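The lines below spell out each chain.
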Amino acid sequence: MRLRVAAGGPAALKVLAAAGAAAAPVRLVWGGPLGETAAAVAAPLPGREPVAPTPVIPAPQQGPPGLLPPAERPLAQLSPTWVPALELDSGTVLFSPNAICQFFFLARGEEPTDLTNQWLEWEATELQPAASAALYAQLVHGKKGLEAVEALGKLLAHIEQNLSRRGTAYLAGDAKSVADVVVWGTLFPVLQDETSLPSEMQALRTWFQSMTLSEACRKAADSVLMPKALLEFKSYLQKQPPPCLAMERATSNEPEPWPGMGPRGAGGDRHTDPHWDPPSPQEEEGSERALTEEEITAAADAWARGAAALPKPWQPQKPVLPVEGMRNVLITSALPYVNNVPHLGNIIGCVLSADTFARYCRLRNWNTLYVCGTDEYGTATETKAVEEGLTPQEICNKYNAIHADIYRWFDISFDYFGRTTTPYQTMIAQDIFQRLLDRGFLLQDTVEQLRCEDCQRFLADRFVEGTCPFCSYEEARGDQCDKCGKLINAVELKNPQCKLCRGVPVVKPTQHLFLDLPKLEERLEPWLEQSWGTGDWTANARYITRSWIRDGLKPRCITRDLKWGTPVPLDGFRDKVFYVWFDAPIGYLSITANYTDQWERWWKNPQQVELYNFMAKDNVPFHSVIFPCSLLGADDNYTLVNHLIATEYLNYEDGKFSKSRGVGVFGDMAKDTGIPADIWRFYLLYLRPEGQDSAFSWSDLMLKNNSELLNNLGNFINRAGMFVCKFFGGTVPNMVLTPDDKRLLARVTLELRQYHQLLEKVRIRDALRCILSISRHGNQYIQVNEPWKRIKGNEKDRQHAGTVTGVAVNMASMLAVLLQPYMPSVSSAIQGQLCIPPHCFVLSHDFTCTLPPGHRVGTVSPLFQKLENDQVEALRKQFRGGQAKQTPPASEPTPAPVTLTAPGDPQLIHELTEEVAKQGNHVRQLKANKAEKAQVDTEVAKLLELKKQLALAEGKSPEVPVPKGKRKK
Amino acid sequence: MAAAARPGTGAEELALLEKLLGLPKGNKYGVQGERKVPVLQTNNGPGLTGLMTIAAHLVKQAKKDQLLGSTAEEKAVVQQWLEYRVTRVDGGSSKEDVRIILKDLNIHLEDKVYLAGNIFTLADILMYYGLHHVMVDLTVQEKEKYLNVSRWFNHIQHYPGVRQHLSNVIFIKNRLYTNGH
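So the protein sequences, as listed, match chains W and B.
Numbering of the first sequence is given in the UniProt record's numbering, commencing with residue 1 and proceeding in unit increments.
Numbering of the second sequence is given in the UniProt record's numbering, commencing with residue 1 and proceeding in unit increments.
Hints in this document: simulated from the structure, not taken from any laboratory.
Just to be clear, a hint being listed does not mean it is correct.
Derived pair list, reagent style DSSO-like, types lysine-lysine, alpha-carbon separation capped at 30 angstroms [stated by the list, open to error]: (1) W:Lys154 x B:Lys112; (2) W:Lys877 x B:Lys145; (3) W:Lys398 x W:Lys947; (4) B:Lys36 x W:Lys154; (5) B:Lys103 x W:Lys877; (6) W:Lys866 x B:Lys145; (7) B:Lys36 x W:Lys877.
The model shown is predicted, which means the values in this text are computed figures rather than measured ones.
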């Protein structure tokens with residue numbers, strides 16, 4: 001069973017203490033599942049107390065690089081989940097801390113009694129709310145300890161009374177029970193030690209002291225609180241709404257809305273309900289606002305002006321450069337880290353969202369440049385290179401190609417897809433660095449770090465192994481122990497070993513450079529105010545930025561003792577490189593520079609250029625605080641972000657995407673499903689986690705494909721085209737508009753305007769609903785007017801059949817343009833079928849007649865295919881996990897060499913089979929020759945490793961046990 | 001809603017439970033504090049306090065221990081939902097609280113017959129009593145929105161001996177609002 005807890009979550013204390021006291025065999029996972037792809041949020045479990053959800057915001061990182069948290073790259077850290085939560089082997093999840101504690105005791109045969117039940121109920125209903133309030137008052141409002149304790153007076157007296165009256169050592173008798181752990185766990189954060197208790201409460205003091213000193217409680221307290229005392233709690237609680245004493249409120253992942261926020265609908269309901277769906281048009285019908293006469297007349301006039309009223313399509317010169325007098329839009333999507341294959345969540349989070357918006361901008365005749373590329377420097381690449389026996393550059397080349405292929409398949413319309421390992425990156429990063437240095441925005445500090453004298457280098461945390469200082473596990477990594485899950489400061493490892501040469505590293509002081517964020521804050525604040533005042537920042541982006549600044553900016557280390565990175569051009573630092581988070585956003589500039597040597601016209605031109613950054617919310621602080629600070633400090637008239645568009649997370653079915661467990665669809669697999677790229681695009685954009693998390697679901701994908709695409713959109717466009725062909729010989733008929741037809745034009749115009757309004761605010765998902773509404777109106781229009789009957793009627797009927805068909809086919813023509821940002825191939829298929837002239841392929845605010853009477857359409861054929869239940873069910877099974885494919889979880893004791901080859905690669909299987917056979921013979925020979933045990937063990941370990949790889953390559957789950965041989969002697 | 005049809009918190013609800021469990025009448029209940037927490041008076045000692053605690057006590061008295069779950073896991077799950085009942089359901093009062101509770105339960109019950117999975121437990125009984133006044137007031141549309149809760153609630157109210165004098169909440173078998181995606 002797995003127990004998820006968060007450092008700083010007060011309820012963690014009691015569950016850890018209970019696990020310890022009941023000696024429960026749990027696997028601890030700190031702060032949400034580690035080593036998972038950071039794209040998702042746990043299933044929506046009912047919450048219990050205000051401290052239950054982990055904060056959405058990471059505590060700002062600070063201090064020397066040796067203390068970096070396990071994820072190495074901070075973006076992987078945020079995964080809000082309900083914690084604590086106990087996942088039992090059966091799949092059941094317990095979310096109530098008391099029930100978790102109870103379970104641990106039950107599991108070892110300790111049944112609840114009336115008394116333990118009574119304590120647990122009292123704790124949940126009385127003590128817990130009061131203790132939360134007291135803790136909040138103490139830590140956040142800075143109330144003195146005693147004052148806070150006074151608020152608990154009556155409740156403490158209740159315990160004291162019970163203990164003294166019964167005369168027992170523990171709450172429910174003479175032996176420690178679940179009741180003691182639960183009550184202690186809630187009191188400890190408030191009281192800390194028994195001296196804060198009134199001296200007359202002697203029984204309580206004695207009980208509390210003996211609990212605090214018990215091994216299980218002490219250990220729990222150490223791991224949850226001790227390192228930074230209650231600061232953990234404080235940063236946690238500050239982000240929570242104050243507890244209302246009456247009853248805890250449920251907290252959703254949704255940040256509190258800020259007053260005056262732009263891209264956010266009104267209405268409370270939709271934001272807290274993960275299953276919220278916008279009301280379907282039928283439901284809206286009743287609330288649909290009445291059209292005014294002016295609107296109807298205006299719509300009819302616009303219609304009559306025809307294609308002449310449209311703006312002329314405009315193609316920028318290549319390379320695209322800002323043009324005086326035009327709206328110049330620069331779009332970036334967060335640079336994907338090169339050695340991960342992106343999953344659907346990553347794709348919708350940045351590249352696909354940015355692509356849809358970029359396509360929209362181009363259709364609006366805005367001068368648009370969309371750039372992206374792979375982020376390639378950093379420890380992770382270096383580690384992977386060592387594992388795969390390639391050079392870092394070779395690794396980057398390999399994975400850059402994988403990324404580029406995936407995005408090409410998804411039809412992402414980058415103007416340029418580059419990478420960060422280029423000479424321009426070095427030049428620009430070093431220039432920004434030099435300017436920061438010259439202006440006094442860099443600090444120098446000494447950090448203690450391990451150095452391997454044999455390899456002549458300081459060791460990044462991931463390059464050190466040793467014995468865990470906490471649990472004595474012998475293969476702890478430099479940043480974290482896989483056995484006890486604790487974070488480790490690499491210099492504290494016992495018997496540290498260099499992972500590369502197995503030599504013994506020594507602790508040496510090393511110099512690092514820090515970006516002086518506190519000093520830059522005075523430049524940051526006015527800029528943010530201005531950018532927020534004029535730009536469209538999503539609510540989560542503002543919220544995350546605000547809490548970063550509120551928690552106080554600290555100097556941030558920008559150098560690393562690595563080789564794979566941009567070299568630091570300063571004496572004394574020449575063997576170091578820039579930390580990826582200083583370096584990576586500069587990639588936007590250098591990638592543009594690789595596209596055009598006139599890149600500065602985009603990036604040093606805030607007067608003419610509007611910059612949109614697309615990303616998932618975990619990347620926000622780097623784009624809203626750190627990178628702007630670098631650029632503001634460098635003081636070279638840089639273009640800074642105007643619109644920061646951050647998505648929430650996309651879940652997969654009921655859980656997360658997990659590379660390690662093979663759960664979910666990853667970019668390279670989407671095409672093997674047989675579902676066309678445009679269907680993927682449609683569904684991901686339909687689900688886009690805009691304002692709240694959303695979840696990918698196969699059955700929903702089928703439903704949306706069959707209902708929205710096939711029955712609604714596809715059906716309408718196909719019928720409109722077919723009527724022209726069947727009834728009018730492929731030529732658009734004459735149209736004589738009746739008042740009802742004009743009302744439809746006005747209705748469609750309203751939806752069109754709404755589409756523009758939403759997309760201008762980058763509410764991509766909501767704008768897609770407008771498209772579907774237009775086709776729904778179209779279907780209704782055809783259904784009510786029945787052109788297939790009227791065509792057989794008298795002349796007036798036949799004329800009306802012509803009008804309806806003509807209007808409908810013009811709606812289809814407009815839909816083709818509106819769809820282009822979402823489904824480019826479908827859009828061009830419609831364009832081909834209806835022979836829409838290229839000069840009409842542009843967006844305006846009016847619905848005009850672009851296919852006039854006499855226009856010839858081409859061959860009309862169905863656009864979408866039905867998805868069948870069996871097919872989707874098979875896919876759901878295929879991707880539900882259990883068939884481990886790629887990277888083993890980071891928390892597995894032995895990181896297996898990572899093979900990203902898809903399972904079933906016959907070449908790889910063949911090679912591995914041979915290697916296994918070879919190694920097997922080698923081991924047998926050694927044993928026959930009575931070789932030394934240590935040597936045999938090492939070779940056996942190698943053999944097991946090879947077998948595991950083979951199993952992975954064959955797509956089986958590797959049942960091979962972790963080699964234990966090395967540890968035995 | 002007429003007050004008589006709603007099980008008043010505490011004593012009345014425990015009387016319903018006693019009857020359901022087939023226990024003889026005779027237990028005396030008091031209430032304690034602002035929240036009117038029920039207290040079971042006993043001849044020896046201070047008695048038992050709290051709805052969950054007393055309910056579990058009555059179940060054991062009636063020798064129907066299976067209602068508390070059989071395995072450690074079931075027992076913990078029952079405990080969890082009883083706690084949910086006394087903290088969230090009894091503590092929540094605003095429309096928003098009610099909505100969150102129904103939403104939580106609706107998700108939880110998506111793939112379960114009863115709160116603890118496939119077995120009927122005390123958690124179902126107390127949750128039914130606790131939610132009765134909420135369910136009575138739901139509109140047909142809301143009942144459809146929380147379809148799993150409705151299904152479960154309807155099931156429990158027809159469980160022999162559970163409903164007693166409480167009003168029967170009507171659920172329509174055919175869905176009226178078909179366009180909820």
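Structure-based check of all given hints:
1. Restraint check for lysine 154 (chain W) and lysine 112 (chain B): the C-alpha separation of about 41 angstroms exceeds 30 angstroms, so the hint is violated.
2. The straight-line distance between the Cα atoms of lysine 877 (chain W) and lysine 145 (chain B) is roughly 28 angstroms, inside the 30 angstroms bound, and the hint therefore holds.
3. Taken as a hint, the lysine 398 (chain W) and lysine 947 (chain W) pair is honoured in the structure, with Cα atoms around 25 angstroms apart against an allowance of 30 angstroms.
4. At roughly 17 angstroms between alpha-carbon atoms, lysine 36 (chain B) and lysine 154 (chain W) fall within 30 angstroms of each other, so this suggested pair holds.
5. In summary, the hint linking lysine 103 (chain B) to lysine 877 (chain W) is supported, as the alpha carbons are separated by about 27 angstroms, within the 30 angstroms threshold.
6. Restraint check for lysine 866 (chain W) and lysine 145 (chain B): satisfied, since their Cα atoms lie roughly 28 angstroms apart, inside the 30 angstroms limit.
7. Proximity of lysine 36 (chain B) to lysine 877 (chain W) is assessed by CA-CA distance (about 51 angstroms); at most 30 angstroms being required, the pair is judged violated.
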